[in-house]
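Colleague: Okay, here's what each chain looks like letter by letter:
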Amino acid sequence: MTQEPHPHSDKHEFRAEALSLWRITFAPATWALHFVLCYALVSLSCIHGTPPVAITRSALILATLAALAVIALLGWRSYRHWAPGRTGRLTHPYGTPEHRHHFLGHAAFLLAIISAIGVVFVALPLLVIGGCQ
Amino acid sequence: MTEHENRSPLPFPPSEQALAEPVPEDLRAAQVARLRSAWARPKGWRYWSSVNSSQVGKWYCLTALFFMLCAGVMALIIRLQLAVPENDLISADRFNQLFTMHGSAMMFLFAVPMFEAISLFLLPALLGARDMSFPRLSAFGYWCFLIGGVFVLSSILFDVAPRAGWFMYPPLATQDEGPGSDIWLLGLSFIEIASLAAAVELIVGVLKCRAPGMRVNLMPLYAWYVLVVGGMILFAFPPLIAGDLLFELERSLDWPFFDPTRGGDPMLWQHLFWIFGHPEVYIVFLPSIAITAMVIPTVARRPIVGYSWIVLSAVGVGFLSFGLWVHHMFTTGLPSLSLGFFSAASEAVVIPTGIQLFAFLATLMVGRVTMSLPLLWITGALAVFTLGGLTGVMLAIAPFDFQVHDTYFIVAHLHYTLFGGMIFPVIAGVYYFFPFFRKRMLSPRLGRWAFWLIFSGFNLCFLPMHLTGLLGMPRRVYTYSSGLGWEALNLTSTVGAFVIAAGFAVFVWDLLRPRRNQPDAPRNPWNAGTLEWAHDIPVEDWGVRSIPYVTSRYPLWQQPKLLQRMDQGRYYLPDSDEGARETLVTSVIDAKPVLIQRLTGPSWIPLVAAIFTGGCFIFPTFGLYWPAILCGLLAGGAILIWLWTATARPPRQAEKDAGLGLSLPTYASGPDSVGWWAIWITMLGDATAFSSILFGFFFYWTAQAQFPPPGAAHADGVAVAVAALALIASWALVVLARRTNRLQRVGRARAALITSTLCAGTGALALALAVWPLDPTAHVYPAIVCTIALWIGVHTVLGMVMQLYCLAGSLTGKLTPHHDADLGNVTLFWNFLALSSLAACAVIGIAPRLL
Ligand code: HEM
Ligand SMILES: [Cu+2]
Numbered sequence: 001m002t003q004e005p006h007p008h009s010d011k012h013e014f015r016a017e018a019l020s021l022w023r024i025t026f027a028p029a030t031w032a033l034h035f036v037l038c039y040a041l042v043s044l045s046c047i048h049g050t051p052p053v054a055i056t057r058s059a060l061i062l063a064t065l066a067a068l069a070v071i072a073l074l075g076w077r078s079y080r081h082w083a084p085g086r087t088g089r090l091t092h093p094y095g096t097p098e099h100r101h102h103f104l105g106h107a108a109f110l111l112a113i114i115s116a117i118g119v120v121f122v123a124l125p126l127l128v129i130g131g132c133q
Numbered sequence: 001m002t003e004h005e006n007r008s009p010l011p012f013p014p015s016e017q018a019l020a021e022p023v024p025e026d027l028r029a030a031q032v033a034r035l036r037s038a039w040a041r042p043k044g045w046r047y048w049s050s051v052n053s054s055q056v057g058k059w060y061c062l063t064a065l066f067f068m069l070c071a072g073v074m075a076l077i078i079r080l081q082l083a084v085p086e087n088d089l090i091s092a093d094r095f096n097q098l099f100t101m102h103g104s105a106m107m108f109l110f111a112v113p114m115f116e117a118i119s120l121f122l123l124p125a126l127l128g129a130r131d132m133s134f135p136r137l138s139a140f141g142y143w144c145f146l147i148g149g150v151f152v153l154s155s156i157l158f159d160v161a162p163r164a165g166w167f168m169y170p171p172l173a174t175q176d177e178g179p180g181s182d183i184w185l186l187g188l189s190f191i192e193i194a195s196l197a198a199a200v201e202l203i204v205g206v207l208k209c210r211a212p213g214m215r216v217n218l219m220p221l222y223a224w225y226v227l228v229v230g231g232m233i234l235f236a237f238p239p240l241i242a243g244d245l246l247f248e249l250e251r252s253l254d255w256p257f258f259d260p261t262r263g264g265d266p267m268l269w270q271h272l273f274w275i276f277g278h279p280e281v282y283i284v285f286l287p288s289i290a291i292t293a294m295v296i297p298t299v300a301r302r303p304i305v306g307y308s309w310i311v312l313s314a315v316g317v318g319f320l321s322f323g324l325w326v327h328h329m330f331t332t333g334l335p336s337l338s339l340g341f342f343s344a345a346s347e348a349v350v351i352p353t354g355i356q357l358f359a360f361l362a363t364l365m366v367g368r369v370t371m372s373l374p375l376l377w378i379t380g381a382l383a384v385f386t387l388g389g390l391t392g393v394m395l396a397i398a399p400f401d402f403q404v405h406d407t408y409f410i411v412a413h414l415h416y417t418l419f420g421g422m423i424f425p426v427i428a429g430v431y432y433f434f435p436f437f438r439k440r441m442l443s444p445r446l447g448r449w450a451f452w453l454i455f456s457g458f459n460l461c462f463l464p465m466h467l468t469g470l471l472g473m474p475r476r477v478y479t480y481s482s483g484l485g486w487e488a489l490n491l492t493s494t495v496g497a498f499v500i501a502a503g504f505a506v507f508v509w510d511l512l513r514p515r516r517n518q519p520d521a522p523r524n525p526w527n528a529g530t531l532e533w534a535h536d537i538p539v540e541d542w543g544v545r546s547i548p549y550v551t552s553r554y555p556l557w558q559q560p561k562l563l564q565r566m567d568q569g570r571y572y573l574p575d576s577d578e579g580a581r582e583t584l585v586t587s588v589i590d591a592k593p594v595l596i597q598r599l600t601g602p603s604w605i606p607l608v609a610a611i612f613t614g615g616c617f618i619f620p621t622f623g624l625y626w627p628a629i630l631c632g633l634l635a636g637g638a639i640l641i642w643l644w645t646a647t648a649r650p651p652r653q654a655e656k657d658a659g660l661g662l663s664l665p666t667y668a669s670g671p672d673s674v675g676w677w678a679i680w681i682t683m684l685g686d687a688t689a690f691s692s693i694l695f696g697f698f699f700y701w702t703a704q705a706q707f708p709p710p711g712a713a714h715a716d717g718v719a720v721a722v723a724a725l726a727l728i729a730s731w732a733l734v735v736l737a738r739r740t741n742r743l744q745r746v747g748r749a750r751a752a753l754i755t756s757t758l759c760a761g762t763g764a765l766a767l768a769l770a771v772w773p774l775d776p777t778a779h780v781y782p783a784i785v786c787t788i789a790l791w792i793g794v795h796t797v798l799g800m801v802m803q804l805y806c807l808a809g810s811l812t813g814k815l816t817p818h819h820d821a822d823l824g825n826v827t828l829f830w831n832f833l834a835l836s837s838l839a840a841c842a843v844i845g846i847a848p849r850l851l
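Read top to bottom, the protein sequences are chains A and B.
What the first sequence shows, in this note's numbering, is residues 1 to 133, in sequence order.
What the second sequence shows, in this note's numbering, is residues 1 to 851, in sequence order.
Hints were generated in silico from the structure; no laboratory data involved.
Please note that a few of the clues may not be correct.
[Claimed, not checked] Computed footprint of chain B on chain A; a stretch qualifies when at least three of its residues, placed anywhere within it, have a C-beta under 8 angstroms from a C-beta of chain B:
1) 32-45
2) 61-71
3) 74-81
4) 88-101
[Unchecked claim] Using C-beta positions, here's what the derived DEER-type ranges look like:
5) A:A29 with B:F498: 45 to 55 angstroms
6) B:A842 with A:A69: 29 to 39 angstroms
7) B:A842 with A:I47: 47 to 57 angstroms
Beta carbons: idealized from backbone N, C-alpha and C, even for Gly.
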């Protein structure tokens, strides 16, 4: 019941882990930034007229691609962190450092997917609605 | 030093051999006696000075239930008035007060506090802790809630209740005569602050009070939800508090934030309210999912399927729900592109919500389900919530919303989500956890009666409302004329409302009836796997007999010897050798033991502090400012006495035996201490409130062609610069004081503290001078500049009190080079203050000259 962790894995994992509770939130934070940017720029364009809506639209579509790229990167890193291929484990119910490590990776990976979906949803109106009306 | 080296001498994790060691019989008896006396609940009238979370949690639950019943009675009166056309049971004004109070009380006095109440009760047991880390803070929060709630609710008895709807839109609410709006603003702000206090307590509890070994991947799902919901409260309530502040400044000092004739904008309130209001819906809904996540594995008799998926969706919903608020403002004429963003985001949030439900269904499908009363309520919840969700998806489509906005369709939708997402699951939770709370069972027969009455009554009442709404009946009308085809529908709804009431009567009777002759419940009546079912029957107030070492998600299922060892005191802290209340503090990620935390015992000071804080909020509603200021000062004094006498005192022994050969420190400062985390979390909320005010500044800028107005007077540039410099200097000196104090240079540290207080005073003064010539009643620009300055000024004064507090501590031996927790916390406060002062000075000093 009381597995002493591998002496080596522990050493480097602790450093990785100190940040991992935070890291879980990075992908959603990207979504939030993207969202705020979309909302703020469109308000400016539609109320002040500067920058023009057409330019805002293209800029925001670019920003969407950038946000997706960032999230993809985060997702890829957390996928490696989760490492289901290497460990062959999809669930992590035990009280060992390995399980905790892979669990955090798994959660971060899933969140990256949700964030990507969120970004895509928010960006859809940019494609289908032309202007301020 | 690396983690591994620094851990190897510690006997943690405990070896099987150490755990198997029996505790001698007489020692065990002595330990039990000492623990019992340390945790004994005060007798007689002193009972009300209790602070431990089981007592406070119980009061909290019962009070929230009482407020809910009051709001329910108001709903019945509303329904009676609407039963027939052209009814004159109550006046239009009464009607307005009733629906405003019904909505406000249900949301602010029941839905959110109920979550905090249940969590306070449950969480220590779920985590295997003796208690949460700040018992007196919970008690303070409870008394604030009680005082504020009674104040707000009783206004309806005097015919002065708020009457502009639960979201208090200006200009209706700003121009409303009488104290109604002020009662809403001040009374509810007071309660929101109590809610924030409870959120801090709960978050710190989950992060730092878990049983040793309970790593993040082993936490009960309920704890994950507490973390998410606590975080949401932390980011959602501050915008509302900031909005309340602006609103109250407009009502009492005539600063024109929402008055378009002087540059204000009512839309700002709508934004601030709904940035709070939409996440609020999820703050109400997620705890119910949390309860479901505890009940489902038990009835399916297997571990939950998709633990990581559920955690992910909880966190995901928490985030996404902050991007939806404008869907309450579809009809305000915003650009269609902006509406599009929020419409799309509103659809996206369905995905993580769905994932949680599918994980539950999957667990039920692969398990061996035993039907029980909690499951019946959950099934009802699922049915009702699904319908509410469907109408929600319809409403998120902006053109459909244009059609039914402000009709009874909305009333139907919101009650479907609230009953399905809150009432039914919470009642499921009550049935499930009642044996834990009360050590007795509820009656299954009465439970089924209550369920079928509430379920059928609910559908009878609210299903027809969809149609009433589509037929055009607006919400919030006190009567309607006949011949519009609404009569039969309304009458049906009224009958349904009374059937619901009958169901509640059965439920509440079963809940509260005397139980002296009833046998004790079995210890683990549902055969659940989580730690709360290791509770003691008959009840003991010590939380757990000894704090277990946890290595699995369902310890009672997966660690067969755990319960016996807990009871025999073979785990941590089986004793209270100094006769004091203590619990273990563990590390955030892996729950390694780091500290034995001394907990505070019964005291009147939280009640005293709450009474004065209440006065500070309640007197201004009647324009009595001097008594309010006096109360504020007394409240501050009470809180200082409380902190001084009971927190971060140097302990008698530096280290103590925690059991199983583990010796742990008894004092910590910085991130190892719970106080530091509490300040961190509080300041996050505080910074959010401040950002909301800054958001206001930029909102005016984006929404107006000319902001600041041409030729407007600005804050004095030189004075703003001096303020910025002085405040930064003060911060740097606090940091320096902490350093030098650590290095044993106590004299220098004291000198730095004194100088820092002087600098802070200079900064506050300079800021006041910078905005002195402005006239905040003339236009919204000077008004918001003054508000920003006021915010920083008040925080600086607080910061000065803290600096002097540390100085006093240093002079009297409370704060020493080794025992510097207070100084660590004050440094943290000043980190935040320094950042916000810089932001404030940039916004009032530089931005207007650039824009
Ligand atoms: C006995 C059960 C209930 C009945 C019969 C009921 C009835 C009603 C009715 C008829 C209205 C519309 C008033 C109007 O627009 O004129 C209303 C509004 C509302 N109800 Fe309920 N309700 C019940 C329970 C709840 C619960 C449990 C909650 C929340 C947890 C809730 C929250 C609200 C809110 C937020 C409003 C909007 C108030 C406003 O327009 O400002 N209700 N309720
Ligand atoms: Cu909403």
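Colleague: Determine which of the earlier numbered hints do not hold for this structure and return their numbers in increasing order.
Modeller: Numbers 2, 3 and 7, in rising order.
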